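Asks: So the protein sequences, as listed, match chains G and S.
Just so we're aligned, residue 1 is where the first sequence starts under the numbering used here, counting upward by one.
Just so we're aligned, residue 1001 is where the second sequence starts under the numbering used here, counting upward by one.
One or more of the hints may lead you astray.
Just a few of them, taken from the derived set where beta-carbon distance is under 7 Å, the chain S residues facing chain G [claimed, not checked]:
hint: 1; residue: Leu1011
hint: 2; residue: Arg1015
hint: 3; residue: Asn1016
hint: 4; residue: Val1018
hint: 5; residue: Thr1168
hint: 6; residue: Gly1169
hint: 7; residue: Asp1268
hint: 8; residue: Ala1272
hint: 9; residue: Leu1308
hint: 10; residue: Ala1335
hint: 11; residue: Ala1343
hint: 12; residue: Leu1344
hint: 13; residue: Arg1348
The calculated lysine-lysine pairs, modelled on DSBU-like cross-linking and capped at a C-alpha distance of 35 Å, are [to be verified]:
hint: 14; chain 1: S; residue 1: Lys1193; chain 2: G; residue 2: Lys135
hint: 15; chain 1: G; residue 1: Lys114; chain 2: S; residue 2: Lys1334
hint: 16; chain 1: G; residue 1: Lys119; chain 2: G; residue 2: Lys84
hint: 17; chain 1: S; residue 1: Lys1334; chain 2: G; residue 2: Lys84
hint: 18; chain 1: S; residue 1: Lys1382; chain 2: G; residue 2: Lys136
hint: 19; chain 1: G; residue 1: Lys114; chain 2: G; residue 2: Lys3
hint: 20; chain 1: G; residue 1: Lys84; chain 2: G; residue 2: Lys3
hint: 21; chain 1: S; residue 1: Lys1334; chain 2: G; residue 2: Lys119
hint: 22; chain 1: S; residue 1: Lys1193; chain 2: G; residue 2: Lys3
hint: 23; chain 1: G; residue 1: Lys114; chain 2: G; residue 2: Lys135
hint: 24; chain 1: S; residue 1: Lys1334; chain 2: S; residue 2: Lys1052
hint: 25; chain 1: S; residue 1: Lys1193; chain 2: S; residue 2: Lys1382
hint: 26; chain 1: G; residue 1: Lys114; chain 2: G; residue 2: Lys84
hint: 27; chain 1: G; residue 1: Lys136; chain 2: G; residue 2: Lys114
hint: 28; chain 1: G; residue 1: Lys84; chain 2: G; residue 2: Lys136
hint: 29; chain 1: G; residue 1: Lys119; chain 2: G; residue 2: Lys135
Worth flagging that the hints you see were computed from the coordinates, not collected in a lab.
Since the structure is predicted, the reported quantities are computational estimates derived from the model, not experimental observations.
Here a beta-carbon is modelled for each residue, glycine too, at the ideal position from N, C-alpha and C.
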Amino acid sequence: MLKMTHITKVFRTDVVETHALRDFSLHVAEGEFVTVTGPSGCGKTTFLNIAGLLETASGGQYLLDGEDVSALNDYQRARMRNQKIGFIFQSFNLMPDLNLFDNVDVPLRYRGVKAAERKERVERALDAVGLLSRKKHLPAQLSGGQQQRVAIARALVGEPRFLLADEPTGNLDSNTAEGVMELLHEINNNGTTIIMVTHDVVLASRSARNIQILDGRIIDDRRAQQKAA
Amino acid sequence: MFFYYVRLALLSYRRNPVLSSLMVLAVAVGIGAYMVIFTMNYYMGGDPIPQKSDQLHHIQFDYGNPDIPNFEPPPQLTWIDATAMLEQTTAYPRTATSKFVAIIEPPGNEVRPFFVNGRGNSADFFSMFDVPFQYGSGWDRSADVNRDLVVVLSNELNERLFGGRDSTGETLVMHGMNFTVTGVMDRWQPAPKFYDVNNGSFDPVEEAYIPWELIISQELNRSGSTNCWQAPEGTGLQAFLNAECAWIQFWVELPDADARSDYSMLVDNYVAEQRSLGRMRMPVEQRLFNVNEWMIEQEVHPDETRILGALAGMLLAVCLLNTVGLLLSKFLGKAGEIGVRQALGAHRGSLFIQHLIEAGVIGAIGGVLGIGVAALGLEGIKVLIGSLLITEWMRLDLTVMALTIALAIVSTIIAGLYPIWRACNINPSVHLKSQ
Ligand SMILES: Nc1ncnc2c1ncn2[C@@H]1O[C@H](COP(=O)(O)OP(=O)(O)OP(=O)(O)O)[C@@H](O)[C@H]1O
Ligand SMILES: [Mg+2]
């Protein structure tokens, strides 16, 4: 599914050079649920952004679904994001002017799905997160937990095979976070590969696989029942 | 997708209404001011008789006095030359024409006698200039020759004298003589008033039209400009008529290039003949001018409109620069949303179109408002200069309104290009991290 070999990422500004990722190699198989942990600034978000084609690596090779993404242009990368990848952000990032329906609708618009099918899929996705009855509401009218569930619906409406979540529970209290985690596990059980960055050690310890990053490198890759790869 | 983007643009307008309204206002003021000047130039610079402007020709003779330095040859004709040209050939429609004023004595005692501005012209005048008639028609060439007392009325004068009814065949007393009405014109106001640009190119048309020869034979009061470059020999009317004084406009209709070269030869021969008599000693470069050439030669379009045009252009530029800044801050304020859209599958092209349409929608709203600004501006100008010239042609027709909106959209999009480019090149990852 995802295969990174010797990936590096360097941020250059006039004064400093930050090595956000160094010699980063990782293989994630289809259907896995991987949590990523590490101290602040170690490169977790950078890794997700590269994995999600929002950022390009400075070096190394990245194969997504067997395809070398470094050769893709902006249009092809956008298409790949749209069709294969779902994103969930710590701060939800819903669009404030759009109601819930229209928020969830966005990925399907970019895919050019017909109106009738869009309606059906958006409603199904909202139903799955228990918010169908509020489809006309604006994000600001919802609680944080509800907003994150809308964001999940939006990430899932296009039925991506690959879900990237950057601290999806970071802004939620533990009860709400629990609900969101259940939802993610359910999604994973349906076959979607998930990579989730988290600060929560308890959540990490419960996942089937946890990788730990320090200073842009993987320092631990632990699977729950098996030995490290 | 187009309507989706239009909807997004409207939602985005609503999100920061103050900023958006400022942009709309900037566009409206800039475009509105520009369109006021444009409308003025459009009509003042327009072709007053497009279907015939290349067939109607005015004659310029080699008039002047070599002893007077910097003497510009007067554009009108002397009586000698006008009558000669009328007689040279009748193969082409032609008219000598000049203005007069006269007193009309209305029938009955209700209305007091009043002055009218009149025009003497040859029979062909009406067909040459496509003058529209409400009732009746002009007169024919025999009336010119016979000095018949016939008159064509403007529809305002017909309203005043006959209450707007069909007055053909009725008589009216003008200059103490009985004139028979042959026709009543429909509303007619060429702008510029191309057939007589020496006497106010945007003046109203005359109210009464009679055979031109009557001005002399009945000794009516001539009016309009007169240029003399040699003192008359003797006194009295005949001396004035024979003098080097130009006061008559002369037009001929030449349907094609052959006719033009034919007539041009005729004019050249006439000039050569007159030269041998010691007249026409100031050579001119061109003797036949069609309507548009004549408008340029006579500098009908006032310089002021050009200066105003430049000022309006500058105002528009300032307003658009302002719009660039406002759009930039608006689009960069949406960096987070742009990042999310990229994550969800928007490529640069689709972001570009989305923001192009957003700028276009602002431009369109600004354009609609700009029509209002332009309409107000034109009303203001009419109040300012309405007493100096005819301004009824200064109005916003559909063409001008469509142009206003189109110009508003196009210029807002141009103003938006840099902000749009910046918006599309926002690095999504930076803005997604956290808020
Ligand atoms: N756009 C950028 N320009 C320069 N440096 C950057 C940029 N993005 C990230 N960095 C640097 O790269 C390093 C890794 O950043 P990253 O955001 O991946 O950390 P993180 O592990 O997600 O941290 P956190 O847990 O606080 O979110 C940091 O040192 C950061 O300062
Ligand atoms: Mg991070």
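Asks: Hint by hint, where does the structure go against what was stated? Just the numbers, ascending.
Replies: The structure breaks hints 3, 4, 5, 6, 7, 8, 9, 10, 14, 18, 22, 24; every other hint is satisfied.
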